[in-house]
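With the sequences and hints as input, model every part of the structure.
Number of protein chains: 2
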Amino acid sequence: MPLTLYDFMGSGNGYKVRLLLAQLGLPYKLVECDILKGETRTPQFLAKNPNGRIPTLQLDDGTCLAESDAILWYLAEGTRFAPASRLERAQTLQWMFFEQYSHEPYIAVVRFYRHFLSKLSPLQELDLPERMTKGYAALGVMEQHLARHPFFVGDRYGLADIALYAYTHVAQEGGFLLDNFPQIGAWLSRVAAQPGYVPMDHKA
Amino acid sequence: MPLTLYDFMGSGNGYKVRLLLAQLGLPYKLVECDILKGETRTPQFLAKNPNGRIPTLQLDDGTCLAESDAILWYLAEGTRFAPASRLERAQTLQWMFFEQYSHEPYIAVVRFYRHFLSKLSPLQELDLPERMTKGYAALGVMEQHLARHPFFVGDRYGLADIALYAYTHVAQEGGFLLDNFPQIGAWLSRVAAQPGYVPMDHKA
Chain B
1 MPLTLYDFMG SGNGYKVRLL LAQLGLPYKL VECDILKGET RTPQFLAKNP NGRIPTLQLD
61 DGTCLAESDA ILWYLAEGTR FAPASRLERA QTLQWMFFEQ YSHEPYIAVV RFYRHFLSKL
121 SPLQELDLPE RMTKGYAALG VMEQHLARHP FFVGDRYGLA DIALYAYTHV AQEGGFLLDN
181 FPQIGAWLSR VAAQPGYVPM DHKA
Chain F
1 MPLTLYDFMG SGNGYKVRLL LAQLGLPYKL VECDILKGET RTPQFLAKNP NGRIPTLQLD
61 DGTCLAESDA ILWYLAEGTR FAPASRLERA QTLQWMFFEQ YSHEPYIAVV RFYRHFLSKL
121 SPLQELDLPE RMTKGYAALG VMEQHLARHP FFVGDRYGLA DIALYAYTHV AQEGGFLLDN
181 FPQIGAWLSR VAAQPGYVPM DHKA
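Going down the list, the protein sequences come from chains B and F.
Residue 175 in the numbering used here sits at position 175 of the first sequence, and the numbers go up by one each step.
Residue 55 in the numbering used here sits at position 55 of the second sequence, and the numbers go up by one each step.
It should be emphasised that the hints constitute simulated quantities derived from the structure, not laboratory data.
Some hints here could point you the wrong way.
Heads up, the list lumps identical chains together, so a pair's fine if it works in one copy or across two of them.
Said to hold, decoys possible - Below, in silico cross-link-like pairs of lysine to any residue (SDA-like), each with a Cα-Cα straight-line distance of 20 Å or less:
1. 134 - 183
2. 48 - 149
3. 48 - 140
4. 134 - 182
5. 119 - 35
6. 119 - 84
7. 134 - 113
8. 134 - 204
9. 134 - 50
10. 134 - 78
11. 134 - 38
12. 119 - 10
13. 134 - 45
14. 134 - 35
15. 134 - 112
16. 29 - 197
17. 203 - 26
18. 134 - 170
19. 134 - 36
20. 134 - 39
21. 119 - 74
22. 119 - 38
23. 48 - 147
24. 48 - 154
25. 134 - 43
26. 134 - 41
27. 119 - 27
If you want it as structure tokens, here you go:
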């Protein structure tokens with residue numbers, strides 16, 4: 001049994017894994033799950049990932065791994081995409097946790113509201129402005145870092161770039177304007193120029 | 001210059017780092033920052049961590065590391081607290097990302113609302129019930145795992161336990177009742193019985 005990736009094509013978290021799999025040249029079976037129809041909350045899916053989320057990667061022995069960044073870490077070990085030292089491992093994780101805590105809940109969630117939902121709930125209407133503010137704050141932190149570094153860790157393309165690229169490059173689908181973030185713009189181009197790069201809608 | 005930890009004693013994210021430092025027997029200088037008074041948003045602090053958050057660990061060469069779980073990873077490398085195989089590294093990170101994405105924003109944030117704020121904003125009032133629901137969902141995922149395992153990864157105490165313990169053991173300060181989570185209760189006791197354990201308010 002090869003690698004099986006349970007995923008939703010519109011997900012940036014899923015795209016992180018699909019991008020690295022493509023760059024590693026690893027074959028895998030893609031099983032699409034429509035999160036808008038609750039396909040990750042069925043008993044069958046919850047047996048694979050009790051937290052009911054994509055991406056979930058099933059290894060050849062049947063073991064399932066969840067959380068996009070944990071999957072990236074697993075796939076990258078021993079390859080050129082993995083950080084090379086103790087400090088770089090910590091810095092890579094720092095940016096990956098930054099992405100999941102200070103970036104994704106704002107930039108990805110606003111994109112989800114505006115790109116995938118036909119109508120917002122009262123709570124979503126009310127929290128949207130704060131999510132926009134915090135999303136721009138995350139972009140500001142990235143811009144400041146990229147003014148001094150070509151990539152996020154160790155001056156070379158790696159896991160932190162993959163983690164941050166996924167939702168940043170579609171931030172405009174949530175209404176975020178990147179015009180005032182020229183360093184981010186240049187970095188997005190550097191990432192898209194990497195060998196083996198595939199766009200978000202590419203199917204292996 | 002020894003290790004310097006910038007921290008807020010009420011923070012579970014900070015406590016993760018303080019607990020591991022104690023268990024490793026590593027000396028460090030504690031610099032308390034009152035997040036309620038904006039002390040992590042001063043230009044001086046932002047020069048250490050542009051994202052303006054504690055915990056931030058300054059290494060002996062002046063390098064600063066942010067994000068509690070990245071700091072744990074750094075400190076644990078080469079010690080008995082680090083996961084022992086490629087799969088266990090991925091599983092440890094899976095639980096750490098679960099904690100930061102599916103647990104902390106609900107269990108820790110509700111605790112922050114109820115334990116540290118004197119008055120909630122209209123948005124906080126409105127989002128509190130959903131945060132309670134999602135916090136209980138995270139506890140449910142933990143309970144299910146702990147019914148089959150004494151600790152989160154590899155059947156021994158490690159980083160994933162430290163990451164999840166910090167806010168779970170004070171969940172009642174946010175109004176979460178743990179009575180229906182007996183496996184979590186037993187695991188909390190197992191963590192508190194580990195050699196070198198220190199409580200949240202312990203100062204090195």
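Legend entry - Up to 20 Å CA-CA - residue 113 versus residue 134, copy category: both (15 Å within a copy, 18 Å between copies)
Legend entry - Intra/inter-copy verdict for residue 48 and residue 154 if alpha-carbon distance must be at most 20 Å: between (35 Å within a copy, 18 Å between copies)
Inset, instruction - Evaluate residue 134 and residue 35 at a C-alpha cut-off of 20 Å and name the case that applies: within, between, both or neither. - result: between (25 Å within a copy, 17 Å between copies)
Inset, instruction - Pop the pair residue 134 and residue 45 into one bin, within, between, both or neither, using alpha-carbon distances up to 20 Å. - result: Between copies, since 19 Å is at most 20 Å while 32 Å is not.
Legend entry - Copy assignment of residue 203 with residue 26, given that the CA separation must stay at most 20 Å: For residue 203 and residue 26, only the intra-copy Cα distance (13 Å) is at most 20 Å; the inter-copy one is 48 Å.
Legend entry - Status of residue 170 relative to residue 134 across identical chains (alpha carbons, at most 20 Å): Classified as within; 16 Å inside a copy, 27 Å across copies.
Legend entry - Identical-chain pair category, residue 119 with residue 38, by Cα at 20 Å: within (17 Å within a copy, 36 Å between copies)
Inset, instruction - Could you figure out if residue 134 and residue 204 sit no more than 20 Å apart (CA to CA) within one copy, between two copies, both or neither? - result: neither (34 Å within a copy, 34 Å between copies)
Legend entry - residue 134 and residue 39: within-copy, between-copy, both or neither at 20 Å Cα: between (30 Å within a copy, 18 Å between copies)
Inset, instruction - Tell me, please, which holds for residue 119 and residue 10 at an alpha-carbon limit of 20 Å: within, between, both or neither? - result: Result: close within a single copy only, 18 Å intra versus 38 Å inter.
Legend entry - Identical-chain pair category, residue 48 with residue 149, by Cα at 20 Å: between (39 Å within a copy, 17 Å between copies)
Legend entry - Identical-chain pair category, residue 134 with residue 78, by Cα at 20 Å: neither (35 Å within a copy, 36 Å between copies)
When the structure is compared with the earlier hints, violations turn up for hints 6, 8, 10, 21, 27 and for no others.
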